[in-house]
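Following the hints, position chain B against chain A.
Line by line, the protein sequences give chains A and B.
Per the working numbering: the first sequence = residues 1 to 408.
Per the working numbering: the second sequence = residues 1 to 408.
Don't read these hints as lab results, they were simulated from the structure.
Some hints here could point you the wrong way.
Just so you know, same-sequence chains aren't split out, so a pair can sit in one copy or run between any two.
Unchecked claim - Calculated cross-link-like contacts (lysine to aspartate or glutamate; reagent style DMTMM-like; alpha-carbon spacing at most 20 Å):
| # | residue 1 | residue 2 |
| --- | --- | --- |
| 1 | LYS68 | ASP266 |
| 2 | LYS57 | GLU291 |
| 3 | LYS57 | ASP34 |
| 4 | LYS68 | GLU95 |
| 5 | LYS131 | ASP255 |
| 6 | LYS371 | GLU385 |
| 7 | LYS68 | GLU374 |
| 8 | LYS131 | ASP14 |
| 9 | LYS57 | GLU353 |
| 10 | LYS371 | ASP296 |
Here is what each chain is made of, one letter per residue.
Number of protein chains: 2
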Amino acid sequence: MSTSISPLATPFPDIPPVAGVRLRVARARYKEWDRTDLTFAEFAPGTTVAGVLTQSKCPSPEVEWCRKALVLGDARALVVNAGNSNAFTGNRGREAVEAIAAQTAQAIGCRPSDVFVASTGVIGVPLPIDKAQAGLAAAFVAPEADWRQAAETIGTTDTYPKGVSATAVVDGRTITIAAIIKGSGMIAPDMATMLGFIFTDAVVEAPFLQSALSAANTRSFSCITVDGDTSTSDTVLAFATGAAGNAPLADDDSDGADAFRAALADVCRRLALLVVRDGEGATKLIEVTVEGAESDRSAHRVAMSIANSPLVKTAIAGEDANWGRVVMAVGKAGEPAERDRLAIRFGATQVAEGGLAVTGYDEAPVTAHLKGQEVEIGVDLGLGEGRATVWTCDLTHGYISINADYRS
Amino acid sequence: MSTSISPLATPFPDIPPVAGVRLRVARARYKEWDRTDLTFAEFAPGTTVAGVLTQSKCPSPEVEWCRKALVLGDARALVVNAGNSNAFTGNRGREAVEAIAAQTAQAIGCRPSDVFVASTGVIGVPLPIDKAQAGLAAAFVAPEADWRQAAETIGTTDTYPKGVSATAVVDGRTITIAAIIKGSGMIAPDMATMLGFIFTDAVVEAPFLQSALSAANTRSFSCITVDGDTSTSDTVLAFATGAAGNAPLADDDSDGADAFRAALADVCRRLALLVVRDGEGATKLIEVTVEGAESDRSAHRVAMSIANSPLVKTAIAGEDANWGRVVMAVGKAGEPAERDRLAIRFGATQVAEGGLAVTGYDEAPVTAHLKGQEVEIGVDLGLGEGRATVWTCDLTHGYISINADYRS
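Only chain A is shown next, with the shape it has when bound in the complex (with noise of 0.2 Å):
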């Protein structure tokens, strides 16, 4: 963990246990700190699994060992390395994850592709296996850890720990869902671009977890952007234990499957926009809403497209209301726009309507608003009905001072 907090941080929240899992944290040393840096999370038997991995072409060995992993649907533990994300490391690195799986699988006794493994910091480095051997050796007689401890575990360039949590009812019972994310830069589109991990006591089967994931992943971990860069480790999985006992989730016409899917998609999107409000120097957290586009899909696009203009995003950080590289954000997203159509506001303001400024347009409000913590970006397209809401952060000094000498 850093040690300057980002102004955006919220408290830790109260999480309760989840029936089945528990939790261990070691010190691996993947680094020269002092610090835990391995995460050991055990589930009981039956535990059903599901993820969302990154799209990137270069992926870490952890992701393509998740990736079938999955396929299965079973887990019972799971372990995260921070430190050394050990991706483009050739044989080494994959010898590193299946050492890592054996050596769980044979401590708790299942399957090595019942052991699901993450890593997250600098690529390039092989995860050095005696110190992940003997990290997994001090985590299996570990006390058991609480979520802030494994949320902290996790975490590399975070400036605080991450975690939400919710319940729900299925089948006559409440469920809980408590989640763990760590993330604060190389964070954009195509997938969750950041290490999450969620956990639940109800039953849900494999398949129904998988769609509620994917569902939830659309409109929160798809959803944000710190600098547009997607990393090679990217993961987010979702555990299972059946602990609560209730008929299982199948499918959408099993009792409780919508509110189990509202509850997921709501700890996703708490989850991703804790991630935001840590991006790398952010001091601002950024909303960009866009409607009337020609489809969802469109509006996806065209909210991107700001959200990642350095020029937004550092007129956003010198609180300028500058909303003419808005329209520049829009013009180059290569999406059906039509200028004298368009419309822009800045919180609840107006700024600019069929293809220029309001009549009368008063820069006070909007200055006022750029001033707070949560900035607001609406565009209407006045094309259709499509829809879309993104998030980021501004950028600042703060993300140079970070990237320009992380590794050293």
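Same frame as chain A, now just chain B:
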């Protein structure tokens, strides 16, 4: 012009006059400044013109005006306004362009469609017609200006004036090409993304001039990026006065066609590099070459993904040999790539191949290369024959400082 000159600046060269072109500058005072900000170029009768214009869906009225006028292929004048882009200003913006064209046409005796207009500066504020008219009236009677004065007058956030020239032998005569350009931010692919003006005394039929300019654009202005942002006003125009009296360049079989194409391409490439060298906050010029792609187009996209990555650009700013970020940028490009065939070099030093760091990788020569002002990143995808080179600059605190309060 800004007072702090880019460390990558090069001196303004000696550029000879181009017969048939007369340059004048004036103070329209579009902003609260005491500098020339209106450029007026008058061309001999018979001058032909070609252009490439922004792909933005929200173009300025100047861009729309030029797009229409280019169809006719004739030019007698160019008017460039600095300090106000006139973009996104509705009917008032259109009226300003029409007024400029009408006043100029009357003064020199031509059709309004023979007058080309370009403006650069803040978006969303209609160009004040009275200032334009007074500025033009002053320009008509001003003494002739030289290339340097014109290059300074078209600049906004530029930190140094930019111009190049070249000659070619066409039909046994030496023809001259002279050019000026402005631009330092909002620089991205898909077109010229700046204001650039090219002047030659060659006799060139308009369709061939357009063909040669479009081809040159593909390997120059479309291959540079500063921040991935595309302006609403980007314009490159080429004017051929015909004063050299060569047999007309009409197609690729014309005598000297190849020489002319080569000289124009050289001019465009050097202009484009001048813009990157003045990238906002730039301290290093970065050349990214991608080879082994499935096609040239695919190579271009991968190269642009690297060149637009904030994490790559901040690593170079920090002189950090963080080649893992290049892997990330290749992976996120969405183009065909196979991690285990990927090779990466910095300068002449191979750092990774076959999906991992090279055996015995020594970071010392890479670090030495990164300390220079010109950095080369080479990527071989190992898939095919596709190849592309693009140029960008590093991302520094200077970019944030310039853009967090540019408009204010």
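Tested hints:
1. Neither within a single protomer nor between protomers do LYS68 and ASP266 lie at most 20 Å apart by alpha-carbon distance, with minima of 27 Å and 51 Å respectively.
2. Proximity of LYS57 and GLU291 under a CA criterion of 20 Å is satisfied inter-copy only: 17 Å between copies versus 32 Å inside one chain copy.
3. Neither within a single protomer nor between protomers do LYS57 and ASP34 lie at most 20 Å apart by alpha-carbon distance, with minima of 34 Å and 53 Å respectively.
4. For the homomeric pair LYS68 and GLU95, the shortest alpha-carbon distance inside one copy (15 Å) is at most 20 Å, but the shortest distance between copies (62 Å) is not.
5. Taking CA atoms no more than 20 Å apart as the test, LYS131 paired with ASP255 passes in neither setting, with 46 Å inside one copy and 71 Å between copies.
6. When the C-alpha separation of LYS371 and GLU385 is checked against a cutoff of 20 Å, the pair qualifies neither within a copy, at 31 Å, nor between copies, at 51 Å.
7. With identical chains, the CA atoms of LYS68 and GLU374 are never at most 20 Å apart, being 40 Å at best within one copy and 43 Å at best between copies.
8. When the C-alpha separation of LYS131 and ASP14 is checked against a cutoff of 20 Å, the pair qualifies neither within a copy, at 32 Å, nor between copies, at 63 Å.
9. Proximity of LYS57 to GLU353 under the C-alpha cut-off of 20 Å is restricted to the inter-copy arrangement: shortest distance 15 Å between copies versus 41 Å within a copy.
10. Proximity of LYS371 and ASP296 under a CA criterion of 20 Å is satisfied in neither setting, with 30 Å inside one chain copy and 46 Å between copies.
Hint check: violations occur at hints 1, 3, 5, 6, 7, 8 and 10; the rest are consistent with the structure.
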